[in-house]
Each structure stands twice: as structure tokens, then as C-alpha cells.
Amino acid sequence: MAALSALLSLAQASAAGAEGAARTWILSGYFRQIHSSNLSPFVENGPGDVIDSPSVSLSYLRTVAATSMTASASAYALRFGQQTQYNRAGGTFSLGGSRRFSRRARTGLSLGLNSGLATESLYLARTLFPQIDVSGKRGAAHLSYDISPTTIATADLSAFVSHFSASVPIPGLSIDPALVPPASFPGLTEVLLAGPSGPLAQIDPSLFVLSILASEGLAVGESDFRLFGGGFGLTHSFSPVLSGTGWFGYSHIGLASSRTFEGGRIDLRGTLSRQFDQFTRVSLSYVNERNGARVPRVTNDAFVVEADKWFNENVEFDASLGYGVLTSSVSNLGGTVVGGLGLKSRRRSNSLRIRYDRTTFQAFGLGRNQISEVGSANIGRSLSKRLSAWLDGRFRNSHDPFDTTFSVKMQIYGTGLSYRFRERTQLGTDYTLVRWTPFGAVLPIDSSIWSVYVSYGKAFR
Numbered sequence: 014m015a016a017l018s019a020l021l022s023l024a025q026a027s028a029a030g031a032e033g034a035a036r037t038w039i040l041s042g043y044f045r046q047i048h049s050s051n052l053s054p055f056v057e058n059g060p061g062d063v064i065d066s067p068s069v070s071l072s073y074l075r076t077v078a079a080t081s082m083t084a085s086a087s088a089y090a091l092r093f094g095q096q097t098q099y100n101r102a103g104g105t106f107s108l109g110g111s112r113r114f115s116r117r118a119r120t121g122l123s124l125g126l127n128s129g130l131a132t133e134s135l136y137l138a139r140t141l142f143p144q145i146d147v148s149g150k151r152g153a154a155h156l157s158y159d160i161s162p163t164t165i166a167t168a169d170l171s172a173f174v175s176h177f178s179a180s181v182p183i184p185g186l187s188i189d190p191a192l193v194p195p196a197s198f199p200g201l202t203e204v205l206l207a208g209p210s211g212p213l214a215q216i217d218p219s220l221f222v223l224s225i226l227a228s229e230g231l232a233v234g235e236s237d238f239r240l241f242g243g244g245f246g247l248t249h250s251f252s253p254v255l256s257g258t259g260w261f262g263y264s265h266i267g268l269a270s271s272r273t274f275e276g277g278r279i280d281l282r283g284t285l286s287r288q289f290d291q292f293t294r295v296s297l298s299y300v301n302e303r304n305g306a307r308v309p310r311v312t313n314d315a316f317v318v319e320a321d322k323w324f325n326e327n328v329e330f331d332a333s334l335g336y337g338v339l340t341s342s343v344s345n346l347g348g349t350v351v352g353g354l355g356l357k358s359r360r361r362s363n364s365l366r367i368r369y370d371r372t373t374f375q376a377f378g379l380g381r382n383q384i385s386e387v388g389s390a391n392i393g394r395s396l397s398k399r400l401s402a403w404l405d406g407r408f409r410n411s412h413d414p415f416d417t418t419f420s421v422k423m424q425i426y427g428t429g430l431s432y433r434f435r436e437r438t439q440l441g442t443d444y445t446l447v448r449w450t451p452f453g454a455v456l457p458i459d460s461s462i463w464s465v466y467v468s469y470g471k472a473f474r
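For what it's worth, my numbering labels the leading residue of the sequence shown as 14, then goes sequentially.
Warning: the hint list may mix true and false statements.
When the alpha-carbon atoms are kept at most 25 Å apart in a straight line, the in silico DSS-like pairs for lysine-lysine are as follows [claimed, not checked]: (1) Lys471 - Lys398; (2) Lys322 - Lys357; (3) Lys357 - Lys398.
If you are wondering where the hints come from, they were derived from the structure by calculation, not from laboratory data.
It should be emphasised that the depicted structure is a prediction, and the values quoted were computed from it without experimental measurement.
Sequences are here, hints too, so could you generate the full structure?
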């Protein structure tokens, strides 16, 4: 699907194509065969199956002078060996563009349609939901204006409507947004209170909404979801090394299902960042989230100090420490320490990524307010010029401070091997073990997924 951030990147590069239009067609084909021991990994003794998932996509990018545009279409299918009632086909279409009107003004627009969840994104999140059908429409617009050489104003608008149909009840769980591949969609974000500065990487809107619905359980039946939002931000450089950013956003959420409600939410955040040298940066951030879309109303406040350090081009370290407070009109829980640590390292043919975060999270209208601990470690190694392997481990422990009966404990372990024939052509296999502990249970539920896949792509200019 089109990513608005990619469109804006194309706009920045448009000067290079001012002498003539740059056009690129990209044709991609993909096939993955998935062997799942449990199609409902959060239900004990769920049915297993073998799923074939082919897909094909075609994208077109054009950049000329100060204007760029992109269009893409994709189609996929899911074929189940035994649970044939879950067979499906779906597709997506997206269209977007960006335009630099002058040295000061820039704008971008993104529109999209989807039928069915992005199967590859779900698999990469190591979660399969063959029991759910989705259709949706989305749109986003962005405007940036340089008020002065040191001050930039930005405005964002977004809208997303979707229809969910569930044939099997899904118990309370949560798809961790950090595990979902990012896709730009202004307005559908949660502020990250620890870890990298700025808002959490934006994800597929359908997956984002599903994570909200599933956090309390998704019953059999139909659900219609609407989310409209917008915001305004200012960034000012006080000096070459000191800058500040402020943001105000409003979102309106509506759900028509077994229970119907709607309401609004206000997000405020401010960041002051100091660059000490080209390798060291320290930031101070404040976040205030006020959710009027649930009863009782909940407010989330947090102060976080972050430090980023680049030892060299191959080693990056970041750390954050702060204090977060979740309060409601009927309960004041006090505060909790939030923060995180991260390390990225690359040496010759080896790579290492380690991440740990503790955050407070305010539910987006419905869903769960959570205090969460999330950690991950990934080791990659190039065995040869074309052959590479990886090991991965992740965990999540979350609980709702207003409801002591709700908690999520999840561990994921994985490994994979891939062989690259060309830049866009690969053959690979991977294996993942998911271990989830239901609410109040002592013994976890284990399920496994392994797959083989082949991908092909070719660019035409």
C-alpha cells in the first residue's frame, strides 16, 4: 500500500529529476506456504492446517519537477488444506502524491481501499486470523509550510472506515503494534513514551483497529469502525543544536457492534532536543492524552528523557527514563517508571538488535489501558554473499491497572534462513514458536508456525 512518508521522500528527491520525468514500474510476485499447528493460537487445541498464500502486486512511481505520484494494486489468495471455510481472496488499491508548491509549501495525499487483511503483514506479526474478514477505506492529507528559516508548521488530516466480520469468537488478546510492519497513516498513531523519539511507527490501519477490537475480545458478528482525526504541529530551531516541537491532535472514534459508542480524544505533546555533537543527542518529552471516548474518562501523562549515542556508523545506543501516570475520574493509580534501552550493532557479516521498553498506554476509545513491558533481541548473520540466517526472541507482559483480571503474557521465538538470487528475488524458510499465557492461567498455550516462501520482483524504468 502507498505510504505517505514514502511520497514525501520522493518529493525531496524530485529536484534530481527536474530535467525530466522519472518513471518506475515494479512488478512483484510472492508465494508462501504456511504450516500452522493452531489457527487460533490463543485458544487451546485449535485446529492446525497448511495454507497456501500467493500474491501479486504492481506499482507505478512518477517524479517530475516538484511533483511525484504513486499508484499500486495487489491481489492475494488464501487456500486452506482442511479448513476450507476460511478460503479467501482479497486485494488492495492505493493512490497518492506529493507536491512542492514553493520553497516553503509542500503537501501530500494518500487514498486507499482494501478487502481483507494484509496476509503477509499478519504472518510477519506471527499471528493468523483466518476467521476474520475486513474491508476498509482510508485517506490522509499532509501540509507543511516553512514560516521562517527556523520554524516549520505542519497539518495532518486522516479518515478510516472499516467493516469487520468474525466467524469465530476471538478471546481477549492484543496484536503488539511494534510487531507489525509500518505503513504511514497520519492520525492513527500512539505516542511512544519510551524508546525512539517521536510517535510510534504507523501501521496498517486494519491491523491497528483489529488490535483494539481484539484487546477485549471479538465476538461472532459484524462490526463497523470509523476513525477521523487531524492535528497541527510546530517545529522551531532555537539554534543549530537546539530545537523544539509541539503537537496538538484530535481524533473521533465510532463503533457499531454488539455495543455502540463514539467519542473524542485529544493528544498533546512537546519535545525539546539538544544535539551535543554529531554522535550525541538528548531530548526531553512531555505527553498528555485525554480520552473522552470511554467511561470513566482516562488521562495519560508522561515525562521522558531520552539519549541517543552513535559510537560509529556500526554501533548505535539509546536510553530513556521517565515517569508516566494513568488516571481516571474514579481512580488515581499514581505513577510508574517508564523507559527503555536499545542497541544496534553491525560488524562485518553479523548484526545485533536489542530493545526493551516499559510504557504506559492509553486505550484509543475502546480497548485496554495498559502498562506494558516489551523486549526483543535479533541476531543476523550473512553465511555467504547470498545466504543469510537469523535468530529472534520477543516477549510482552501487559496488564490493565484499572482491571486486575486482564493481563497479557506472550513469548515468541523464531529462526529463519534465506537465499537471495537477485536484488528482488529470494527463497527462504522460517520457524516460530508462540507461547501465550491466558488470563489467570498457570500453564501457557504453545503453537508453532513454519513456512517456505519465494519472492520475485522486477523494476522497469
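So, going through the hints one by one against the coordinates:
no., hint, in the structure
1, Lys471 - Lys398, "20 Å, holds"
2, Lys322 - Lys357, "11 Å, holds"
3, Lys357 - Lys398, "22 Å, holds"
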